[in-house]
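The listed protein sequences correspond, in order, to chains A and B. Sequential numbering of the first sequence, starting at 1, is according to this note's numbering. Sequential numbering of the second sequence, starting at 1001, is according to this note's numbering.
Treat the hints with care, as some may be off.
When the alpha-carbon atoms are kept at most 27 Å apart in a straight line, the in silico DSSO-like pairs for lysine-lysine are as follows [what the hints assert, rightly or not]:
1) B/Lys-1087 with A/Lys-170
2) A/Lys-39 with B/Lys-1161
3) B/Lys-1161 with A/Lys-170
4) A/Lys-170 with B/Lys-1090
5) B/Lys-1079 with A/Lys-170
6) B/Lys-1090 with B/Lys-1079
Simulated from the structure, these hints should not be mistaken for lab results. The structure presented is a predicted model; accordingly, all values stated were derived computationally and were not measured.
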Amino acid sequence: MLSEYFSAVDFLLLKPAILLTIFGIGVMLTDLLLDERQKYFNAVTALVGIGFAAVQMLRIQSQMREAGVSEVEAFRGAIVLDGLGIFFIWLFLISTAITILISFRYLEIENEHHGEYYAILLFATVGMIFLAIGMDLITLFVGLELMVLSIYILAGFLRGDRRSNEAAMKYLLLGAFSSGILLYGMSLLYGMSNSTNLRVIGSALSQRPLGDPLVIMAVVTIAAGLFFKIGAVPFHQWLPDVYEGAPHSVAAFMSVGPKVAAFALLLRLFLVPLGELREQWEPLLIGVAVATMTLGNLAAISQSNIKRMLGYSAISHVGYILLGLVAGNETGLKGIVIYLLVYVFMNLGIFTVVVAMRRRDLVGDEINDMAGLMHKSPVMAILSLIFLLSLAGIPPTAGFLGKYFIFLSLLETGHYTLAVIAVLYVAVAIYYYFRIVVVMFMQPPADQELPSMSLGIRCALGVTAAMTLFMGLYPEPFIQLATGPVLAILR
Amino acid sequence: MYQALFFLFAASAVGFAINLLIQRHPIHSALSLIGVMGSLASLYLMLGAEFLAVVQVIVYAGAVMVLFVFVIMLLNADKEEPSDRSKMAKYLGLPLLFLLLAMITVVIYRQFPEDAMVQFGDFPGQTAAIGRLLFRDFLLPFEVISILILIAIIGAIVLAKKEP
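Bound conformation, chain B alone:
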């Protein structure tokens, strides 16, 4: 049961991701991205990381994607024409990608041939545990991220504001 669910969501995440790349219309790509995030959230939930799953849905699938869709609609973005990619990227890109994936798979299988699959609720993903990590062990990076976000805001304003 667990395995069936895992493969269902994993396959749908990969499928949506591929669809995101194939679609020519930005709104279709954006909708596929929501599919990717939804499937990922389900995977997190199955691993017992309920906090991460909820955040994934609220922040990414909710807030960020709504903004994306709004912007696409406001800009009235149309179908994209395929650009002239280099020949090398066109013919070598996919085979090389699969080669890399195959290599990683082989390494992981060689390393952990006997390991069983991760089981439901294996990780301490409870909100309390995350809070403790965030405000005790990783207090410093957590605080530094506030400057990071400040810079992002300033940057957006500096680069986008109208000339006086």
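Same shape as in the complex, but just chain A:
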């Protein structure tokens, strides 16, 4: 309609990303007009931008319902908005919005309250959106780079802090290296199919003989690149270091948004073009998943820094989610979708508590800094307890729901050994999560300064805790919610 190469549908699907970009640029422009005391206005602008993108998503969804279609294709198949894409975009918008809420007060304390922070967060969200809806290798790769480039910068946002600089540098070098490996695998896929469209590649690969070394090479290099991005063993070394060094709020963001986006990419690549080659990548995936759970859970035990510990716990969660892909049946995919949904809320919740621990003269990232939280702020201590219970996967909370479906899918597909190993590691996880609980509830406070609270942190705590509890107590609507994305994968 607009032209031969750019139709109205193309424009409609791009609108959320366009709005986020416009608001990102807008934040940087208005930032110039604000003096030091008005910087909170940047956060408001960014939140409004996310609100606009969310409204636009609702409109796209209602238009899709009216037209009675479950997926829309645009830009000659370069992007496809289906149930999975819609689900992921909502997760990204939510996690970015909560990150903005918890960042504001934190940046003020760190004295690095610049508008660029919010702009880069919005741009990273644009990149994640393209990872969720991309159906073309080049679109996916550009989206990936957009996302990780933003995080390199955010990780080094505290310029005066050596640990932050180190985290940014480490992540930049290793991230660029892993992107290179991923790109090499993508180039092999292109070489075998002469197309960058995932569906065309899928049908070209299914024509090739079983055990084709070229295919194996492509699968291995793509898997290595993706495993790095999600932080699976043996490509996990960067993760605890970067979480520890990055600003608290950025570590919170990294642990949800980009990680979920990397999973979106992994699901797309493993299920669309490589879906036919399941026998070839399943053993690889089993090995990686078990190693990831083992190392993540065991290494988390001995950590004294809470961000490092949460880094290792994030690694172990990756192992559980990969198990859902190993099972690969409908329950398993449902498990992945629900796990990611639950994970976003519980992990952002516990990271919000960590952000609140950053006080005027205390970095607040040692587990001992939480001592006596029960006496200082009983509400926050109880909310942390809920998040930790959920992370460990104890029944009344949402974390149980995700693990339940993963374990169920393993049993359904006959992976009994894997299920037993996974359940055993839950016991280990309970141990290290409860170390924090013991410190919070049993030990006397080490200092008298209260956690730094702000309206944003209160809202973030409220939303994440409410969702973590609600999804655990009344899971039905959320299980329904997962069917759309799962159907999109299975098609």
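Based on these hints, arrange chain B on the given structure of chain A.
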């Protein structure tokens, strides 16, 4: 003739790349990098990708490398001392690299034993064809890259600007 030229440029690209790593002085490394890019540009040209070859020379060998050399000279960077690498990297690194290269070579030879070499001008590398691809088939990634570059600029400024 074609093969001789190909091996000449391929060998010089690899040679310059190795020299880049061996040299201790940054300016020598930077100059070797220009050699790598020049050889690559010649290879592109031989494949018929004239647009890519010209861009390689103008953008990389021209603009980017000039910046590199300027920065090295401004910083007055001196010879680098060899750092203490881990024993494992020192003794296992090279053999493992060669093992990987050998494996890739074997795979490619097994896969395409009969294939002839790629001939001059095999690919539609003309500027018009690239333009059509860029602004029609890959319009979306092309536009998204503009945000990518914007972020890179913002990042450089945010991380490097002076404290007020």
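A quick look at each hint next to the structure:
Between B/Lys-1087 and A/Lys-170, the direct Cα distance comes to roughly 21 Å. Compliance with the 27 Å bound is thereby established for this hinted pair. Distance check on the hinted pair: A/Lys-39 and B/Lys-1161 sit about 19 Å apart at the alpha-carbon level, within 27 Å; holds. For the proposed pair B/Lys-1161 and A/Lys-170, the alpha carbon gap of about 21 Å is at most 27 Å, so the pair holds. Using a Cα cut-off of 27 Å, the hinted pair A/Lys-170 and B/Lys-1090 holds, with the two alpha carbons roughly 21 Å apart.
A hinted pair counts as satisfied when its Cα atoms are at most 27 Å apart, and B/Lys-1079 with A/Lys-170 qualifies at roughly 24 Å. Restraint check for B/Lys-1090 and B/Lys-1079: the C-alpha separation of about 21 Å stays at or below 27 Å, so the hint holds.
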